[in-house]
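Protein chains in written order, with our numbering: chain A, 65 to 727; chain B, 9 to 399.
Please keep in mind that the hints were generated in silico from the structure rather than gathered at the bench. By construction, the Cβ of each residue, glycine as well, lies at the ideal position given by its N, Cα and C atoms. Hints are not guaranteed to be accurate.
Quick partial rundown of chain B residues pointing at chain A, CB under 7 Å, derived from the structure [what the hints assert, rightly or not]:
(1) 34
(2) 36
(3) 134
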Amino acid sequence: MIAEAGHFALVLALFVGIVQSTVPMVGAHRDNTIWMAMAKPAAMSQFALIIFSFGALTYSHVVSDFSVVNVYQNSHSLKPMLYKVSGVWGNHEGSLLLWVLILTGFGSAVAMFGGNLPPSLKARVLGVQAMVSVGFYLFMLLTSNPFERMFPAALDGQDMNPLLQDPGLAFHPPFLYLGYVGFSMAFSFAIAALIEGRVDAAWARWVRPWTLAAWSFLTIGIALGSWWAYYELGWGGWWFWDPVENASFMPWLAGTALLHSAIVVEKRDTMKSWTIFLAILAFSMSLLGTFLVRSGVLTSVHAFATDPERGVFILLLLMIVIGGSLALFALRAPALKSTGMFKPISREGGLLLNNLVMSTGCAVVLLGTLYPLFLDAVGGGKVSIGPPFFNAVFIPLMLPMLFAMGYGPMLSWKRGDLAGASKRLIVAFIATGIAAAATVAIADGGPFFGIIGMAIAVWMGVSVLVEMAERIRLFKAPGKAFARLMHQPRATWGMTLAHLGMAMAIAGMAGAGGWKAESIQVMKPGETVTVSGYDFTFEGAKSGRGPNYTIIQGDFQVTRDGEPVAMLHAEKRNYPVRQMPTTEAAIHTLMTGDLYAVIGDSEGNEGGFVTRIYFNPLVVWMWIGSLFMVVGGTISVSDRRYRIGAPTARQSKSGKSAEAASA
Amino acid sequence: MMPDTLQLWLVMAALSIAVLLYILMPLIRPRGGANAAREAYDINVYKDQLKEVERDLERGLLGDDAAEAARMEIKRRLLAADAAVSKKVKTPEAKSGMVLIVALAVFVPVGAVLMYLDLGSPNAPDQPLAERTASAPAMSQEETKRRTSLANAVASLVEKLKENPGDVRGWTLLGRSHASMEQYGKSAGAYGKAYELSDGDPKIGVSYAEAMAFDARTMIPQKAVEVLGAVLLRDPNDPKARYYMALAKAQKGDGEGAMRDWVNLAVTSGADDPWMGLVNQQIERAAEKFGLNPADFMPTQSAPTFQRPFPQSRPQPSMQSGPSRADMDAAAQMTDEQRQQMIQSMVDGLAERLRKNPDDKQGWLRLERAYRVLGDAAKADDAAARAAKLP
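Isolated chain B, as found in the complex (with noise of 0.2 Å):
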């Protein structure tokens, strides 16, 4: 058999000789004569618009006067294009042109082989599944080996955690196993379950939202971003989970809050930590596409800033003023009684802001989650009427 290269090209040339010789066809061949004049198509319609004003007059569509007045119409246009007829006798230019021909011939299949070949594999075969399925062993062994070996460990992973459904090592091997067979959207949901079971692990939690992120392949999912969030309060200095919080913001349009958190990562990093090249590539990226020097996000002190007051020296459309990361730094190290308290200071605060600033639709629907989180239904209730009411 002819190697598939070979077949590809002789196909690419049969279909552009082909083309091309079928497109040049009028040019190498022209027909002789010239063209009817522009009104004798029009006389065409008109007179066809006559014989139908005939035959509605037959069926009573139209009675006398109409019809009469519609012949009348027409028979008017019709002279008109008549006259115009006679007076252009122009014979139309009927010259091909070598000079098109020759550039044509080159301009089509050169241009074509040559950004097909920028684009397409042209060496690559194609694998259909039954064939690969059949010529199944010309996969390396060890790849076999890795694969069905990979396969049978999750289905008795499976079976054990059917019997045994709280297990949270469990959930998260078979998170893990998934990962790596590049199965995010099932991975995602074993390490949902790890998540959950295990009340909030952090190390599984940034797992989670990882494979939720892989799985969306575009944006962080908001559930992703939710996770995320919470893993921060409880390890604020999890490295994966501020890269991806901070790649959230970006994908989000808040390129200061991902300049930020990405600066602040990189400082904060060994030089030779794992993750530094991928951070400084996306703070090049960050700086390109929203304009920004990173040096102006650099820290002014070495150590983050604790317990820095709530932004009120000048007044911040809501969306914008969500809790900082020394707000999140510090209530990660709260005990539950201090963090509630601090979280009731927060939306007292937004609920004072609200007052004076009675139009902000997306401050009322902050503070409506806020108290729902806080389990005060009524007050919740109240600030979704009020958000309901706004435009």
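Pulled out of the complex, with its shape left as it was, chain A reads as follows (with noise of 0.2 Å):
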């Protein structure tokens, strides 16, 4: 019974998201105050639904209903409670649940909170939300339904696929899904002022938390993503500039130029049409992230091609969304106006070269990701863009860009001064040589992009600390800088953390890209490989049993010039059900990098494992870093001028009426 309420509960959703949809935009068209209202209460029942429809499919994995198609094929009754939960979302059918749920989730949000929001915007913002949940709901109930049954109902399930069950991918998709779904809003705002055909200037006081929000969801998602690459697939690198990894990529690179963008908005009335762009492409790169990775286009076209009602469905969804989004745009955004002038050496200037470089840095990932799909759809056989096009391509892309963000917060509105800058940034030149050269002499040479990158990694965070210095008057008046520094805008703490924690993935980046040491060999008991100076002892192997998967456990004690180091334990599971194993890299971690063992199959009588043994120079500092701009964004998002009260109902042309409803 509860799998069919659930189903309903989702059908009904439906309906009311085609209500949401059609009413409060006519009612907008018309001045319909009426109408437009309608949008509230539709919004927050979708959302109650769909928590009840989410709530329902949880059920039935919890209690392992395998007559529910979508539970039979990605669970198991000796599943560890929690992956039994995260099994939910950790699937095609099941996963389009979350990411309704996290749409309906925000739509209610707006409504709620949009008090402050003129009627018709929000009336529009809401319908355009609605449309692309009925998109969805569509797409869900015709070709990829969580609640079908069968009957007789299975005796077992087919088990989850083993890669999956793990903390770290249990809580990825969520992550990824609300950074993805948030972009929804941005879109939603800039078709609504589209079609409006103006952008308020709560517009962009508006975007800009819902873009940040967004942008630090997605980059947890990434990083959560990143991280269980690196521990769980054993192959001791973080990043492969693999399809699924892009389709998460592109969104956040697109994004990172919107929230950018969004401050020009709303500081100084211009780049109007950029932003507007930027958010139908970042939120069109995230349906297309959504639909690559849960499609099966990218395991194989023909896969695809097999499942034809929903490939087509799918092409038909991006085709209106980022099809209709973008005519609209090309027909409306001429009619936007912007006031504010500037320089190209200018803070305004600064933010567009970001814009400029993040952009066309997503179209060189979406050209990398889809052209070998491309070429295999049309019959030109396979070909594989791997990591060497994208190092090439996209690091010299960056390099510039990065180079300007020292400059880019010294530079005023307006027009900037470079050579002023320039003079106040001399500490940070000093301090990039020095860094260039200690990296030069300490690791004896190296990749030239590895210095590269620790030199601008140096320079990036040497620059906004200078930045800061100055804000506060460090040097000029350091009497008063500690109160000075408690008083900076929260949006200001935002950027100097976030910046800071880009210098220190780069640097973890630049480290872990130019100075990895492998060494892969077969070790029996007792033996010792040295990597980088540090002593790794293997001392056997023994056998073991989890929940639902056995192991092969292999110790390894690891020594520096004799001291003790660690003790590492690297496994290797067996998951019957699936036929799977899977590897759990061990990994001890220092500041100056990650001792990493891995255990293969046995080899020989004698005890004898084959083992891959890495040393990961500074990778900690990419997860330290991301979290930092986390951090930074989610500070951001708090900045108080995000609250403003909404206008009395009285048209009044006196300040003051209007004054009392903000405080």
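Both chains are given apart, each in its own frame, so use the hints to dock them into the complex.
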């Protein structure tokens, strides 16, 4: 009964969505306040219905109701409870349900807290939001229904892909989706603004926090995914330019551009078309990302073609959303008036450069991801575009921008003083030179991009600190510097932390990319391998048993110059239901780098095992850097200027009543 | 206790009514009063921006000049917005419309119920595992017996195979048992063992490939296609292998190849062979999907032409010019030595063609594989290097 009730709630949500995407839109067009007011309860009920529906599916998973096809295909009675729950969204159908759960959640947030938005804008935003959810409901109900039943029920399930039975991946998709779907808010605002033909002052103030929130979630999602790949796949790497990773990286690039561009709209009332375009781009990339990963188009174009119903629906949905919004953009964008002017060398100019490079980077990743698919689809054979392409194109593209990132915050609005900024950045220049020289000296040379990466990381880090020191006049008037530091607006804190985080992440990437050391061999108990000055002694392997898998655990004693550093316990698990092995790399994190050991198959009769040992320098800084970025984004969202009240309903010319409402 | 279906209908009714009342509320009981003009909202933001400038000035983030410039700019916008507010004095429309209320009150619940009845299974109760285990005696005794005996048989078979892992028949039996329990992954594993031990017995090979295909659920996996290819070399007439091979081709988009194989299978089978229904169905589907006419694929002679020469009349992309059915049929009837010779001659032909058309990456990759099969590592490496140079 519960599964069926969940099914009905999903269908009912579809019909509420249809109402929400039409009545308030017509109301906004006719200036009918009552029709517009329907958007709020509709958005709230959609959210409530989807919570109900998601709860029903979760219940079916938890009680192992194998008459539900989705449960049968992705669960198993012996699976640990954590993965019974995370299995709800660890598959195509369930992940779509999570998607709409988040989508309607965001919609209801606008409905609840959008009191300070002009009513017609709010009605249109919710209308567009509902259109997107209607597309997803239809897609789910017609091609990927999570509540499909089968009779007689299966005796037991087929279990979830063991690679996904991992805490890192259990929580990775919800964050990723919070990010993806968060961009739907920017998208709905963009489309609403295009329909209205105007961008209100309140518009940017609303778009930016939503974008920041989405961006922060997406950053967590990507970092978690990358972290998972790092320890679970056991290849010692953290980023493989794999299409699935690219799918989440593209919206991140577009979103990063968007949140910078939204600052300009808010502060200077210009670059409106750009911002709207980026909002459309960010959400389009999110949709593409969702479908690329979930449709099977990535594993094989043919697999996609064997399920033509789903494939055609996806293409249609993408075409309507992306094509439709771009067409509307082409039609209405010229009508958006901007009032602010600026010179190329200015804060605006710097932000524009960020926008251009970020969107070019996004285009590069898109090309590299889709080109092999297109070629395969038109019968051009299989090619794979891998890390060499991305490293050769993407990294050189980003370097100038990362350099400019030191300057941007130092320039003033409208017109900046490049020479003056350079003078103030002299410390950063010196530090960068020293860092590059020190890197070469310590690492005894090294790859070009590794050295450049370390230098650029130091440049960014120091220039951010210089900028903060300027703001609080640390050197000119050090007495009150601390008080000034405490008085900085949260948005400033956010920027400083996020930029610092970026610098740390770059340092981690450069270190691990440039100086990673690895060693693959067969080791017998008692044998020692030395990697980057650390001695790894293999102490033998033992076997054991987990809830739904068997384990081989290999122990390594790590010492450096005879001093013990760590004990590493690397595992290889075998999941009998799916007959799949997984590796659990043993990682010991040091500030200077990660000790990383993987155990493979047994070799020979004397207890020998294939082992892979890595030393990944500075890798931990990547995760610390990501954390800084997320914290920076979160602090920035909480900035007080995003909390403005609504004007009173009376049409008053006097400023007093408006001021009273805003207080 | 209430019957399950009744419970469901009550929940559905409650959900529908609650949602309907909630979303219709603004229409039924409209809140009076007009809204503030558009620009009034802008004014609020500008005022806040002015305050922000003051704050920044206090903190020393802005110089006096910059603050003054920023103030001027914001005030200009403020004035423009203010002027716009005073111009627009218009009461917005506030009609709810009885028609809309009635239309929505019908559309939402009726639409949802109709669509749900089409998609859902309203009469099906939940079947949580715990409940099912508790009510296990309710399962028909025969079914329980069959399942337990099968499970017991499998368990004892596994024990036996541990002691005597070289038992081809045992592995085959295990594969079949797992297949009948719909555990295709395990089935494929057991058949794979048997196939290996039997040195490629075609009958086992077909079951092996079938289990892999069932396990994969969507596409016939590459490994299965390889096994099927090997099976067809030894027994070119095996209908199951021919059927799956054709299906694999169809899935890879090779409609013509699939059609040719299926039509061939249909022509060479008896009308009441059990697989004919499936074959005819596939022919129909392929005809529709790839836009082909099955009649075009009728073999011109009733017997397949053996020793058809390598297609040389027109240069074809190398992907499509794999060994033809006839080549494979012919290969099956040869001795090992002859087979080796035929493969060698085909490889030579490919090498010759690549000399003329060296830009064919897929060709080089095929050549590399062929050399590996023939055990000529040096030439294989050479071909791989050529392929790697191509884009």
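Verification of the supplied hints:
Given the 7 Å rule on beta carbons, the hint for residue 34 of chain B holds: about 4 Å separates it from the nearest Cβ of chain A. Here the hint on residue 36 of chain B is broken, as its CB sits about 10 Å from the closest CB of chain A, past 7 Å. Look at residue 134 of chain B: its Cβ gets to within about 5 Å of chain A, closer than 7 Å, so that hint holds up.
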